[in-house]
Amino acid sequence: DTAVSQTPKYLVTQMGNDKSIKCEQNLGHDTMYWYKQDSKKFLKIMFSYNNKELIINETVPNRFSPKSPDKAHLNLHINSLELGDSAVYFCASSQGGSLYYNEQFFGPGTRLTVL
Amino acid sequence: KQEVTQIPAALSVPEGENLVLNCSFTDSAIYNLQWFRQDPGKGLTSLLLIQSSQREQTSGRLNASLDKSSGRSTLYIAASQPGDSATYLCAVFLTGNQFYFGTGTSLTVIP
Numbered sequence: 567d568t569a570v571s572q573t574p575k576y577l578v579t580q581m582g583n584d585k586s587i588k589c590e591q592n593l594g595h596d597t598m599y600w601y602k603q604d605s606k607k608f609l610k611i612m613f614s615y616n617n618k619e620l621i622i623n624e625t626v627p628n629r630f631s632p633k634s635p636d637k638a639h640l641n642l643h644i645n646s647l648e649l650g651d652s653a654v655y656f657c658a659s660s661q662g663g664s665l666y667y668n669e670q671f672f673g674p675g676t677r678l679t680v681l
Numbered sequence: 003k004q005e006v007t008q009i010p011a012a013l014s015v016p017e018g019e020n021l022v023l024n025c026s027f028t029d030s031a032i033y034n035l036q037w038f039r040q041d042p043g044k045g046l047t048s049l050l051l052i053q054s055s056q057r058e059q060t061s062g063r064l065n066a067s068l069d070k071s072s073g074r075s076t077l078y079i080a081a082s083q084p085g086d087s088a089t090y091l092c093a094v095f096l097t098g099n100q101f102y103f104g105t106g107t108s109l110t111v112i113p
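In the order they appear, the protein sequences are chains Z and A. Using this note's numbering, you'd call the opening residue of the first sequence number 567 and step up by one each time. Using this note's numbering, you'd call the opening residue of the second sequence number 3 and step up by one each time.
Incorrect hints may appear among the rest.
Stated by the list, open to error - If you want the ones that stay clear, here's a sample from chain Z, every Cβ over 12 Å from chain A, calculated:
#, residue
1, T579
2, E619
3, N641
4, S652
Stated by the list, open to error - Below, computed lysine-lysine pairings styled on DSS-like, alpha-carbon distance capped at 27 Å:
#, chain 1, residue 1, chain 2, residue 2
5, A, K44, Z, K585
6, Z, K607, A, K3
7, A, K44, Z, K588
8, Z, K637, A, K44
9, A, K44, Z, K602
10, Z, K610, A, K44
11, Z, K610, A, K3
12, A, K70, Z, K610
13, Z, K607, A, K70
14, Z, K575, Z, K602
15, Z, K607, A, K44
16, A, K44, Z, K618
17, Z, K575, A, K44
Said to hold, decoys possible - Just some of the chain A residues that point at chain Z, by a computed CB distance under 8 Å:
#, residue
18, V6
19, K44
20, S48
It should be emphasised that the hints constitute simulated quantities derived from the structure, not laboratory data. Only a predicted model underlies this, so the values are computations on that prediction, with no experimental measurement involved. The C-beta atom is built at its ideal place from N, Cα and C for all residues, glycine as well.
Could you put together the complete structure from these sequences and hints?
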């Protein structure tokens, strides 16, 4: 299946731990994104990478660090997890780096619960 | 505050019928509107993207329209097939690099 995939789908961890979420797309896109779901239907962008280069870096705590080893992967590493980090995180990709003009394809989401 | 509503919430039609899915949004200050399809346990596949300056987009059996002034979009599916069964979501892209998703329509096409 051609798609955007994320692992794990569920992540439950203790406060203070460091964790990573992985994202892979096999659509041949050159741009990938991480979004945080603030409410049931509202997604706010955190980062965007185009051809492995960071092009959008919204105001997020520096405990969040994206890493793009190649165009098909964008991983999200979170240090010193806090209770407020609990949310669903979505990865997306598009061909072209314009948020306004390029269709985005989303992964199924990773539900992070910090205890 | 943006609200995106989709009607109906669920729809069941026999194969071959044409159908229309509706999406309405409260704040017309959008950059674009995208229609997605979601299959169980999978991510969101983009179907069509309409820029705020456009009125419609077509792809195969799909046609999406946008009336920004009235806050409405429709997705028309012609000659529906069982493979079209999925949840359909519309989403508006707003200032501040934010997506706001609709409530979704669950479509079942009966063979």
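Now for the hints, and whether the structure bears them out:
No beta-carbon of chain A comes within 12 Å of the beta-carbon of T579(Z); the shortest separation is about 23 Å. Annotated as non-interface, E619(Z) keeps its C-beta farther than 12 Å from every C-beta of chain A; the closest such distance is 17 Å. In this structure N641(Z) is separated from chain A by more than 12 Å, as the shortest Cβ-Cβ distance comes to about 16 Å. Distance check on S652(Z): its Cβ is at least 20 Å (rounded) from any Cβ of chain A, clearing the 12 Å threshold; non-interface status holds.
For the hint linking K44(A) to K585(Z), the alpha-carbon distance of about 23 Å falls within 27 Å, and the restraint holds. Among the hinted pairs, K607(Z) with K3(A) is consistent with the structure: their alpha-carbon atoms are about 13 Å apart, no more than 27 Å. In summary, the hint linking K44(A) to K588(Z) is supported, as the alpha carbons are separated by about 15 Å, within the 27 Å threshold. With a CA separation close to 21 Å, the supplied pair K637(Z) and K44(A) stays within the 27 Å bound.
As the CA atoms of K44(A) and K602(Z) are separated by approximately 18 Å, the hinted pair is consistent with the 27 Å bound. With a C-alpha separation of about 20 Å, the suggested pair K610(Z) and K44(A) falls inside the 27 Å cut-off, and the hint holds. Restraint check for K610(Z) and K3(A): the C-alpha separation of about 15 Å stays at or below 27 Å, so the hint holds. In summary, the hint linking K70(A) to K610(Z) is supported, as the alpha carbons are separated by about 22 Å, within the 27 Å threshold.
For the hint linking K607(Z) to K70(A), the alpha-carbon distance of about 20 Å falls within 27 Å, and the restraint holds. A C-alpha spacing of about 14 Å is found between K575(Z) and K602(Z), which places the hinted pair at or below 27 Å, so the restraint holds. Distance check on the hinted pair: K607(Z) and K44(A) sit about 17 Å apart at the alpha-carbon level, within 27 Å; holds. With a CA separation close to 25 Å, the supplied pair K44(A) and K618(Z) stays within the 27 Å bound.
Taking the CA atoms of K575(Z) and K44(A), the gap is near 11 Å; set against the 27 Å cutoff, the hint holds. For V6(A), the suggested interface contact is upheld, since its CB lies about 7 Å from the closest CB of chain Z, less than 8 Å. With a least beta-carbon distance of about 6 Å to chain Z, the hint placing K44(A) at the interface is held under the 8 Å criterion. About 4 Å separates the beta-carbon of S48(A) from the nearest beta-carbon of chain Z, less than 8 Å, and the hint is met.
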